[in-house]
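Trainee: Sequence:
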Amino acid sequence: EQLMAAVSDIGHQIYVQPGRREDFVRLIQQDGIVSKFESQVYRKDRSVIWISENARVVRDGRGQVLYYEGTVEETTERKRAEQALRDSEILYHSLVESLPQNIFRKDKEGRFTFGNTKFCGELGRSLGEIIGKTDFDFFPKELAAKYQRDDHSVMETGAPFETVEEHRTPDRGKIHVQVIKTPLCDALGNVIGVQGMFWDVTERKKIEEALAYERDLLRALLDNIPDNIYFKDRQSRFVKVGQALAKKFNLKDSEEAVGKTDFDFFTPEHAQAAYADEQFIIRTGQPIIGRMEKETWHDGRVTWGLTTKMPFRDKDAKIIGTFGVTKDITQLKETERELAKARDAAVESARLKSEFLANMSHEIRTPMNGIIGMTGLLMDTDLTDEQRDFSETIRTSADALLTIINDILDFSKIEAGKLSIEIINFDLRDVVEGTVELLAERAEAKSIELASWVLEDVPCHLRGDPGRLRQVLTNLLGNAIKFTERGEVVVRVSKENESEQHVTIRCAVADTGIGIPHEAQNKLFQAFTLADG
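With the working numbering, the residue at position 194 of the sequence shown is 194, and numbering never jumps.
Keep in mind that the hints are not guaranteed to be accurate.
Below 27 Å or equal to it, Euclidean Cα-Cα: the simulated DSSO-like pairs (lysine-lysine) are [unchecked claim]:
| # | residue 1 | residue 2 |
| --- | --- | --- |
| 1 | K240 | K318 |
| 2 | K247 | K260 |
| 3 | K294 | K327 |
| 4 | K333 | K318 |
| 5 | K108 | K141 |
| 6 | K353 | K413 |
| 7 | K327 | K240 |
| 8 | K146 | K108 |
| 9 | K206 | K118 |
| 10 | K327 | K248 |
| 11 | K327 | K247 |
| 12 | K118 | K174 |
| 13 | K260 | K315 |
| 14 | K318 | K260 |
| 15 | K413 | K341 |
| 16 | K79 | K108 |
| 17 | K36 | K118 |
| 18 | K294 | K353 |
| 19 | K482 | K446 |
| 20 | K294 | K247 |
| 21 | K118 | K146 |
| 22 | K146 | K174 |
If you're looking for bench data, these hints aren't it; they were derived computationally from the structure.
I would like the entire structure built from these sequences, with the hints used as guidance.
Mentor: So, in structure tokens, the structure goes:
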């Protein structure tokens with residue numbers, strides 16, 4: 001009453017917006033009733049509140065206005081709540097529109113009730129084209145059915161749903177997406193649908209699959225390679241070991257080695273040496289490759305390994321530890337020891353054999369020289385033709401046997417590494433021609449032409465061992481004559497190269513005999529081997 005007593009202009013003094021009073025009067029005069037007419041008005045203290053007015057005209061029987069009646073309700077708190085709700089909706093809408101994820105809402109029948117701009121773009125449709133539609137309108141039947149089963153599970157259990165699954169888009173085809181779905185509830189907590197979001201993780205999925213594949217490859221190596229494989233951190237603690245090494249460590253599971261060091265398995269001396277190696281690699285980045293190591297274990301075992309250790313680097317090439325592979329060569333070392341024993345025994349056997357042959361040859365050569373000498377004396381006496389023929393046969397056979405004995409002695413010297421080469425002045429042409437003359441009678445007996453050809457540019461005055469040269473030429477020419485039935489045998493001497501102090505001479509024997517089969521040529525320098533034919 002005090003307020004109204006002081007008011008002379010309701011429109012300007014009570015209403016914050018003076019025009020609202022005029023709107024109210026116009027409506028009630030026009031319609032005879034006003035319902036929920038909202039306005040802002042001043043209180044006595046000039047603070048502003050919201051009111052909701054309901055009024056109607058009361059008329060007499062002739063339709064004349066008797067009076068107006070109505071109610072006024074303060075709605076400030078409700079208006080504040082409505083404004084807060086609108087602000088919240090604006091904030092929510094701004095948030096979901098700015099997020100890079102696809103966000104959607106559905107009702108209990110699976111019809112879309114909302115989709116952000118990202119979601120609309122994913123489907124290639126406007127929001128108006130999406131509202132009221134279901135998954136079956138946009139996706140293959142099997143995929144849509146799967147999505148709806150997930151929705152029903154979320155609404156029935158009230159539990160969130162999260163997974164990575166296949167998804168199809170109109171433009172990119174099959175992709176992988178991360179999906180999160182939760183129940184959509186009203187103010188009373190009743191489930192009225194489902195809301196969710198998803199985003200493309202195809203590249204992440206590919207990376208994860210590639211990493212999983214690499215892990216599988218590494219695990220296959222660690223579990224199946226019989227060599228000892230390990231990875232260590234910068235403090236030389238094991239971070240991963242292969243199954244073979246875990247077995248050597250007497251561990252049931254390779255993971256039991258994680259965090260341990262060599263000091264837990266080897267003697268302190270061996271463990272300290274390994275630690276020093278690894279710290280050197282970490283400091284310098286220099287690997288240790290193919291080094292043979294003796295491994296001494298806590299339980300007294302001694303093994304041998306061929307080890308390679310490398311720096312272990314991260315993706316930025318920073319050294320974060322070491323890794324290595326050690327091949328157990330204990331059995332190989334044992335085999336080497338046995339082979340060394342066998343080799344020593346063979347060397348000793350060869351030495352004894354050579355010594356025996358040398359002694360035997362010396363013992364035989366002495367009486368053979370006697371036989372040759374006495375045969376020569378016998379041939380100087382008066383003999384019948386038959387006796388002389390017998391004597392010559394004895395002399396020839398004795399000479400041949402003495403040659404064999406001398407060859408055995410030379411072979412023994414070669415095996416013992418004691419064959420000496422004499423260095424004296426000699427005439428090359430005399431050695432070659434003398435050897436040919438020595439064998440001329442044998443060639444003439446088979447009607448074979450035996451000749452020598454020393455080229456003009458070959459120097460004849462040399463230093464070397466003429467006896468060994470004569471021995472080689474005799475063997476080569478003798479074999480050529482033996483296996484040649486007709487034609488010729490020729491020794492050709494040429495110069496290969498020459499310097500101030502040295503000259504290389506080539507002596508080649510050619511014949512028209514049967515030759516040496518190709519498959520037998522590899523046996524030429526095998527001792528006591530005869531190539532048939």
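Trainee: For each hint, tell me whether it holds in the structure or not.
Mentor: Going down the list of hints, with the structure as the test:
1. K240 - K318: 19 Å, holds
2. K247 - K260: 15 Å, holds
3. K294 - K327: The hint holds at about 12 Å.
4. K333 - K318: Outside the cut-off at roughly 37 Å; violated.
5. K108 - K141: At roughly 19 Å apart (the allowed maximum being 27 Å), K141 and K108 satisfy the hint.
6. K353 - K413: Holds, at about 11 Å.
7. K327 - K240: Holds: K327 and K240 sit about 17 Å apart, inside 27 Å.
8. K146 - K108: Roughly 16 Å between the alpha carbons, so the hint for K146 and K108 holds.
9. K206 - K118: 23 Å, holds
10. K327 - K248: Measuring from Cα to Cα gives roughly 12 Å; hence the hint holds.
11. K327 - K247: Roughly 14 Å separates the two Cα atoms, so the pair holds.
12. K118 - K174: Cα-Cα ~18 Å, so holds.
13. K260 - K315: Answer holds: K260 to K315 is near 25 Å, not above 27 Å.
14. K318 - K260: 23 Å, holds
15. K413 - K341: Holds, at roughly 24 Å.
16. K79 - K108: 31 Å, violated
17. K36 - K118: Distance ~40 Å between K36 and K118 Cα, so the pair is violated.
18. K294 - K353: Since the Cα atoms of K294 and K353 sit roughly 38 Å apart, the hinted pair is violated (cutoff 27 Å).
19. K482 - K446: The given pair, whose Cα atoms are some 9 Å apart, holds under the 27 Å limit.
20. K294 - K247: 19 Å, holds
21. K118 - K146: Between K118 and K146 the Cα gap is close to 22 Å, so the pair holds against 27 Å.
22. K146 - K174: 15 Å, holds
Checked against the numbered hints given earlier, the structure breaks hints 4, 16, 17 and 18 and satisfies all the rest.
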